[in-house]
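Colleague: One line per chain: the protein sequences are V, X, A and F, in this order.
Note that the first sequence covers residues 1 to 144 in this note's numbering.
Note that the second sequence covers residues 1 to 144 in this note's numbering.
Note that the third sequence covers residues 1 to 144 in this note's numbering.
Note that the fourth sequence covers residues 1 to 144 in this note's numbering.
Some hints here could point you the wrong way.
Stated by the list, open to error - PhoX-like mimics (lysine-lysine), calculated; alpha carbons at most 25 angstroms apart, straight line:
1) F/K70 - X/K125
2) F/K125 - X/K70
3) A/K70 - V/K125
4) A/K125 - V/K70
Worth flagging that the hints you see were computed from the coordinates, not collected in a lab.
One-letter residues, chain by chain:
4 protein chains.
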Amino acid sequence: MNDLLGDYPVIIEIPVAWGEMDAFGHLNNVVYFRYLESGRVAFLRALGDIEFMGGTGIGPILASVQCRFKAPVTFPDTLIVGTRLRDLGIDRFTMEHRLVSRQLGRIVAEGEGLVVAYDYSAGSKTPIPPEVRAALLALQGVAT
Amino acid sequence: MNDLLGDYPVIIEIPVAWGEMDAFGHLNNVVYFRYLESGRVAFLRALGDIEFMGGTGIGPILASVQCRFKAPVTFPDTLIVGTRLRDLGIDRFTMEHRLVSRQLGRIVAEGEGLVVAYDYSAGSKTPIPPEVRAALLALQGVAT
Amino acid sequence: MNDLLGDYPVIIEIPVAWGEMDAFGHLNNVVYFRYLESGRVAFLRALGDIEFMGGTGIGPILASVQCRFKAPVTFPDTLIVGTRLRDLGIDRFTMEHRLVSRQLGRIVAEGEGLVVAYDYSAGSKTPIPPEVRAALLALQGVAT
Amino acid sequence: MNDLLGDYPVIIEIPVAWGEMDAFGHLNNVVYFRYLESGRVAFLRALGDIEFMGGTGIGPILASVQCRFKAPVTFPDTLIVGTRLRDLGIDRFTMEHRLVSRQLGRIVAEGEGLVVAYDYSAGSKTPIPPEVRAALLALQGVAT
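Modelling step: build the complete structure from the supplied sequences, incorporating the hints.
Modeller: As C-alpha cells, this is what we get:
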C-alpha cells in the first residue's frame, strides 16, 4: 500500500469504529470528514514549532473541504490517511488527502481542503507568514 | 405525550438525523448521549443569568452519565428530551432525562447525569453556590 | 431569511447542539456534512413514492460532497438547510445546499453533493429511471 | 500502564481525534461512548465464531450504558480501552470498561454496559445460549 501514498509526507492510521457505519452498513460519508480533519491537523502539526496555530494571531481557517468516495468501507478496517500540499498561494494553500483501506488494499476516498491564513487581530485574510511558507515547502520536499 | 413529561421543567425537541442510525438501522446508542447533553445544556441555561458556567470560576463538571434504552428509534422521528433535577447535594446534583419519541408516542430512553461543582481556580470540588442552589430548586418548582 | 432560500424547494431546520462545537468554539466542520446529509435525505424523500431508494434495486450513491464555510456558527443557533437540484445528467445529478443561520440571518455555508444512480443487482452505474428524472424536475419546478 | 488493565482480556487502542474535543477543549463526553462501543464490539468479536450476532436469530441488545469520567483528555493522545465480563446472568451480562490515557498514564474513565440476549424471531428476551455462556467465561478466564 505504500506505493499508493508515496507522495504524501504526512501519514496517519485510524481504526474504523463499528459505530461509524450507517444504516447502509458502510462507513458513513460524514465520518470521512473527521478522518480528513485528522489528516489536516497532523499535517499542520508536522510543520513544527512555527506558531501558525497559536501565538502570532495568524492562523489557518478551513475555507472549504471536499471528499470523493471511491469504494465503500466496512468495519473492521483501518484507514491510512495521507496528506500533502498541493497548491500554495499567497494567503491560502490546498491540502490533498488520500484514504487507503488496509482491508481492501486500495484507495477508498480522496479529498482536499482549502486553508486560508487569517489574521485574528485584524479580522481579515493575510499573506501566509514566510516561515510557514518555508515549512510547508520543506514538508512537501520542495527545494526553496 | 405531554403527560409523559409533566414533571420535566426543561423540554427540547431534536429531529433525528438519518445518519445517526447505525448498521442495525436504529438510532445509535452514542447519539442518545448527544441528546442527553443537549438536554443538560438546556437545563443549565434555564437556570438563568447566574454565571454558573462562566465568570465566577465555579462551574459544572460532568462526573458521570448513564442511559437506559427502552425502544429502538428510527429515522424519521423527533425526540422530545425532558430534563429535571432529581437530587441536590452539597457539591453535586443529578439531572434526570426522559426521551420521548413523537413517532412512537412513548418513552424510548431514560438517562441521568451527575454534575459536580468545580472551582477552577482552586482545582477542586466546591459547594454549589447558594444562588445556583436557589435557581435549581426554583426551576424544579421546589419551594425554598 | 426566506429570500435567501427562495430557489430551494426542500427546506429543513436543524438546531445546533452545544456538543457540535469544537475546541475553537465554533460548529465543527464535520458537523456541516451531517447537516448536508440531512438536507440530501430530505430532498430524496421529497421525490415521493418512487422507490428510488428501495424496491427497484436502483438507488442513489453519494459520489462526492463539498462544503464551503462562509461564517462561523456558535451554539445556540438553528440552521436552515435548503436543498435544490442543480445539474441533472444521464446517470447522475448534483444537489446544491445552502445553510442559513437563524441567529446571524445570513448564509453560513454552501455545499453540493454528486449523486450517481447505481444498479445494485448489476453492480454498476445506470441511467436515472425516467420516473425519478420526472420527479427531480417536478420537485425543482422545471416544466417537462 | 499494563498493570492498570491486567484483568481486562480484550484491549484495543484508539487515537483521539482533534475534532473530538468540544468547546471546553477536552474530549467530549459523548465520544467516550463511541470508545466504549468499540470496546464492546471488540469483546463480542473476541467470543469467536459463535454466531451470537448473526445466524441464530439470537443476538445481544444494549440495554444500558454508563460512563464515569475521571480526568479530562486532550488531543493528542491515545486511549487504551480494556473490556471484561463482570456479571453473567441468565439472559444478560454486564461488561466493564476501563479507559487509560497513554499521555497521562492513568485511568481517565470507567464504564459499563448491560447486554441482554434477545430472540429476534420471538421478539423477547431469551436465555444466553450455552455456547455463548461458555465463550464469555472462557474469554474472562473463568474455569467452567
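Colleague: Determine for every hint whether it applies to the structure shown.
Modeller: Hints, verified against the model:
no.: 1; hint: F/K70 - X/K125; result: holds (13 angstroms)
no.: 2; hint: F/K125 - X/K70; result: holds (13 angstroms)
no.: 3; hint: A/K70 - V/K125; result: holds (13 angstroms)
no.: 4; hint: A/K125 - V/K70; result: holds (13 angstroms)
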